[in-house]
Amino acid sequence: MDNLNSTQNSLVSVHNLTFSRGKKKIFNDISLEFERGKITAIMGPSGTGKTTLLKIIGGQLFPAHGSVTVNGRNVHHLKHDELYALRKRMGMLFQSGALLTDMNVFNNVAFPLREHTQLPESMIRSLVLMKLEAVGLRGARDLMPNELSGGMARRVALARAIALDPMMIMYDEPFTGQDPISMGALVLLIKSLNTTLGLTSIIVSHDVQETAAIADYIYVLSEGKVVGQGTPQEIQKSESEWVQQFMTGAADGPVHFHYPAKEYMDDLLHSEKPLFSRQRPPSDRNAKRRRYS
Amino acid sequence: MMEFFRFLGAGTRASFAKLGRATFFLVDMLSGISSVVIRPRLLLKQLYSVGVLSFLIITISGLFVGMVLGLQGFYILSRFGAEETLGVMVAASLVRELGPVVAALLFAGRAGSALTAEIGLMKATEQLSGMEMMAIDPIKRIISPRFLAGVLSMPLLAALFSAVGIIGGQIVGSGLLGVDDGAYWSQMQANLDFQGDIINGVIKSVVFGFVTSWIALFEGYDAIPTAEGVSRATTRTVVNSAFSILGLDFILTALMFGDN
Ligand SMILES: Nc1ncnc2c1ncn2[C@@H]1O[C@H](COP(=O)(O)OP(=O)(O)O)[C@@H](O)[C@H]1O
Ligand SMILES: [Mg+2]
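Quick mapping for you: the protein sequence lines, in order, are chains A and B. Using this note's numbering, the first residue of the first sequence is number 10, and each one after it goes up by one. Using this note's numbering, the first residue of the second sequence is number 7, and each one after it goes up by one.
Chain A on its own, in the form it takes in the complex:
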């Protein structure tokens, strides 16, 4: 509300967002704007909450404070049906691809079309083949997901995400696991989808070069804060130590390689865990280490 000007060009606005996982504050009062028709990148080390941010925008997670509006609607105030109607227009590409493992590539791409439309089978076939052609996998239509490499699975998932011709796509780490050739093709594909279909794209990534090459605007996140923002040129010239460290990939700097922990010597010398304390679930125990790429 307070920021009407930017809200008008923005398809997605995040205002004063705070989100915690247990005691850990993933986001601390951050605000971001994603302009219509542009490619906006969110960069930051692993474990900063990039995936979490996409899930909040998609309405799968609820923020503690702050609001997220997509196309003028507050995502977290929508009723179930309204949220689902909005999601039909929001494509999301998961890090893992999230393909349905009990159907082949063709049926995976056809899945949203069959669920949401009454199109005849011949039409669905042409649409699916068009989408698969766009990601270079028309020949792979009869393979099952377990027969695909990680990079191929992600491209099938991209074909599926654009099947319903959404107004925006959120890409979660689209470049990870792609070989140099498909990486180049993918960068072009994202760019051309953006221009030809007029999509608004949000790319989450820690691949600095590829992302900087296509993004119109970049946010750099670290430790729950936006530590830098601007066009790729501005970011590259940024004086912020955080941004510089991230863009150059230095191991030493304000961002630490280690997941927060107590003093190393303390940890080695003292055993943990009082009797009867409950174990934390394994997903938590193997908390991701920060990595730079």
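Derived from the structure by calculation, the hints contain no laboratory data. Hints are supplied without guarantee of correctness; some may be wrong.
Claimed, not checked - SDA-like, lysine to any residue: derived pairs with alpha carbons at most 20 Å apart:
1) A:200 to A:216
2) A:246 to A:279
3) A:64 to B:130
4) A:33 to A:60
5) B:146 to A:110
6) B:24 to A:30
7) A:97 to B:216
8) A:64 to B:132
9) A:64 to A:78
10) B:146 to B:27
11) B:24 to B:189
12) B:146 to A:69
13) A:88 to B:30
14) B:24 to B:228
15) A:88 to B:24
16) A:33 to A:56
17) B:146 to A:127
18) A:34 to A:56
19) A:88 to B:135
20) B:146 to A:92
21) B:146 to B:54
22) A:88 to B:142
23) A:88 to B:33
24) B:146 to A:125
25) B:51 to B:147
26) A:64 to A:176
27) A:32 to B:16
What the hints assert, rightly or not - Residues of chain A placed beyond 10 Å of chain B at every Cβ, according to the derived structure:
28) 190
29) 218
30) 241
31) 278
Said to hold, decoys possible - With the C-beta cut set under 10 Å, the calculated list includes, among others, these residues of chain B facing chain A:
32) 40
33) 127
34) 128
35) 132
36) 133
37) 134
38) 135
39) 136
40) 137
We put the CB at the ideal spot given by N, CA and C, even for glycine.
Model the placement of chain B with the ligands on the given structure of chain A, informed by the hints.
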């Protein structure tokens, strides 16, 4: 000492929280059934994998249980010179108790564990999440058809179990031990009560199917999305289903047959 109470308290709280989640899950699952009715093909596919694929284990187990009942029943009844009532004994045990209970236990092991593992893995590989983002409700699309299939197959599987068991009892009783074949069947027909025995048995198996499918699907949906989490959830499905089936069987039996 305080640690111990804190541990107990945390455990209790976690159990109640889980029960709460399970209840919400049940409500969502039941309200999703209306959309299954519109798309019977989803149901048919699940009836096949939940129901039809359990046929073999149910048939073989039913046959052996019936044969054992035939043997044991014959030895006891023949002491009182009442071996021609063997058919009643075998059929009543099966229809009232063993059919619904043993078939449900086998169902939990065969189909329930598979459902938990399937749903848990779909969660771990973000397939459920992915569906939500495609605006497809995974409860309606994935969970409800499986639930309905479980509830519908259970009475049929229990009936199959009892039917095969009765034949097993007849093979042993009149085939091996010399009970009169006609007496086996006619005594059974004359003394089994449709309302008291058969309907009550069917009610039991519907309840067991409901509870087992609910537990199996919820454990999968609520699993920690890792390999270890899914494996533990699968174990919990089998254990909790067994407890629920046996506990509910006692309660239902007390309610149904308590006054005679
Ligand atoms: N289901 C979860 N439960 C608890 N903590 C989680 C869960 N998912 C992610 N986290 C934590 O949230 C933080 C952000 O995770 P994520 O959004 O996946 O990071 P990124 O995508 O930037 O690598 C991490 O520190 C991670 O440990
Ligand atoms: Mg991530």
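Status of each hint after checking the structure:
Simply put, residue 200 of chain A and residue 216 of chain A have alpha-carbon atoms about 16 Å apart, close enough for the 20 Å limit, and the pair holds. Distance hint between residue 246 of chain A and residue 279 of chain A is unfulfilled; the C-alpha atoms sit about 45 Å from each other, more than 20 Å. As the CA atoms of residue 64 of chain A and residue 130 of chain B are separated by approximately 16 Å, the hinted pair is consistent with the 20 Å bound. Straight-line distance between C-alpha atoms of residue 33 of chain A and residue 60 of chain A comes to about 16 Å, which keeps the hinted pair within the 20 Å bound.
At roughly 18 Å between alpha-carbon atoms, residue 146 of chain B and residue 110 of chain A fall within 20 Å of each other, so this suggested pair holds. The hinted pair formed by residue 24 of chain B and residue 30 of chain A meets the criterion: a straight-line CA distance of about 19 Å does not exceed 20 Å. A C-alpha spacing of about 33 Å is found between residue 97 of chain A and residue 216 of chain B, which places the hinted pair above 20 Å, so the restraint is violated. Among the hinted pairs, residue 64 of chain A with residue 132 of chain B is consistent with the structure: their alpha-carbon atoms are about 12 Å apart, no more than 20 Å.
Using a Cα cut-off of 20 Å, the hinted pair residue 64 of chain A and residue 78 of chain A holds, with the two alpha carbons roughly 13 Å apart. At roughly 17 Å between alpha-carbon atoms, residue 146 of chain B and residue 27 of chain B fall within 20 Å of each other, so this suggested pair holds. Restraint check for residue 24 of chain B and residue 189 of chain B: not satisfied, since their Cα atoms lie roughly 53 Å apart, outside the 20 Å limit. Restraint check: the Cα-Cα separation between residue 146 of chain B and residue 69 of chain A comes to about 17 Å, which is no more than 20 Å; the hinted pair holds.
For the hint linking residue 88 of chain A to residue 30 of chain B, the alpha-carbon distance of about 17 Å falls within 20 Å, and the restraint holds. Straight-line distance between C-alpha atoms of residue 24 of chain B and residue 228 of chain B comes to about 9 Å, which keeps the hinted pair within the 20 Å bound. A distance of roughly 25 Å separates the Cα atoms of residue 88 of chain A and residue 24 of chain B; the hinted pair therefore is violated under the 20 Å criterion. Annotation: proposed proximity of residue 33 of chain A to residue 56 of chain A holds, straight-line Cα distance about 12 Å (limit 20 Å).
Between residue 146 of chain B and residue 127 of chain A the alpha-carbon distance is near 18 Å, which keeps this suggested pair within the 20 Å criterion. Straight-line distance between C-alpha atoms of residue 34 of chain A and residue 56 of chain A comes to about 12 Å, which keeps the hinted pair within the 20 Å bound. Between the alpha carbons of residue 88 of chain A and residue 135 of chain B the distance comes to roughly 18 Å, so the proposed pair stays at or under 20 Å and holds. Proposed proximity of residue 146 of chain B and residue 92 of chain A is supported: the alpha carbons are some 16 Å apart, at most 20 Å.
Our distance criterion of 20 Å between C-alpha atoms is met by residue 146 of chain B and residue 54 of chain B, whose separation comes to about 18 Å. Taking the CA atoms of residue 88 of chain A and residue 142 of chain B, the gap is near 15 Å; set against the 20 Å cutoff, the hint holds. Under the criterion of a C-alpha separation no larger than 20 Å, the hint pairing residue 88 of chain A with residue 33 of chain B is consistent with the structure, at around 17 Å. Taking the CA atoms of residue 146 of chain B and residue 125 of chain A, the gap is near 14 Å; set against the 20 Å cutoff, the hint holds.
A distance of roughly 12 Å separates the Cα atoms of residue 51 of chain B and residue 147 of chain B; the hinted pair therefore holds under the 20 Å criterion. For the hint linking residue 64 of chain A to residue 176 of chain A, the alpha-carbon distance of about 17 Å falls within 20 Å, and the restraint holds. Taking the CA atoms of residue 32 of chain A and residue 16 of chain B, the gap is near 17 Å; set against the 20 Å cutoff, the hint holds. With a closest Cβ-Cβ approach of about 26 Å to chain B, residue 190 of chain A is found to remain outside the 10 Å limit, as its non-interface label requires.
Even its closest Cβ contact with chain B, about 27 Å, leaves residue 218 of chain A beyond 10 Å, as expected for a residue assigned away from the interface. In this structure residue 241 of chain A is separated from chain B by more than 10 Å, as the shortest Cβ-Cβ distance comes to about 28 Å. Every C-beta of chain B lies more than 10 Å from that of residue 278 of chain A, the closest at about 23 Å, which supports listing it as non-interface. With a least beta-carbon distance of about 14 Å to chain A, the hint placing residue 40 of chain B at the interface is violated under the 10 Å criterion.
With a cut of 10 Å, the hint placing residue 127 of chain B at the interface with chain A holds, because the nearest CB-to-CB distance is about 8 Å. Annotation: residue 128 of chain B was flagged as interfacial toward chain A, and the flag holds, the nearest CB pair being 8 Å apart, inside 10 Å. The criterion of a C-beta within 10 Å of any C-beta in chain A is met by residue 132 of chain B, whose closest approach is roughly 4 Å, and the hint holds. Below 10 Å, beta-carbon pairs count as interface contacts, and residue 133 of chain B has one with chain A at about 6 Å; its hint therefore holds.
The beta carbon of residue 134 of chain B comes within 9 Å of a beta carbon in chain A, closer than 10 Å, and the hint placing it at the interface holds. For residue 135 of chain B, the interface hint holds, since its Cβ comes within 10 Å of a Cβ in chain A; the closest pair sits about 6 Å apart. Hint status for residue 136 of chain B: holds, given a least beta-carbon distance of 3 Å to chain A, under 10 Å. The closest approach between the C-beta of residue 137 of chain B and any C-beta of chain A is roughly 8 Å, which is under the 10 Å cut-off, so the hint is satisfied.
The structure fails to meet hints 2, 7, 11, 15, 32 from the earlier list, while all remaining hints are met.
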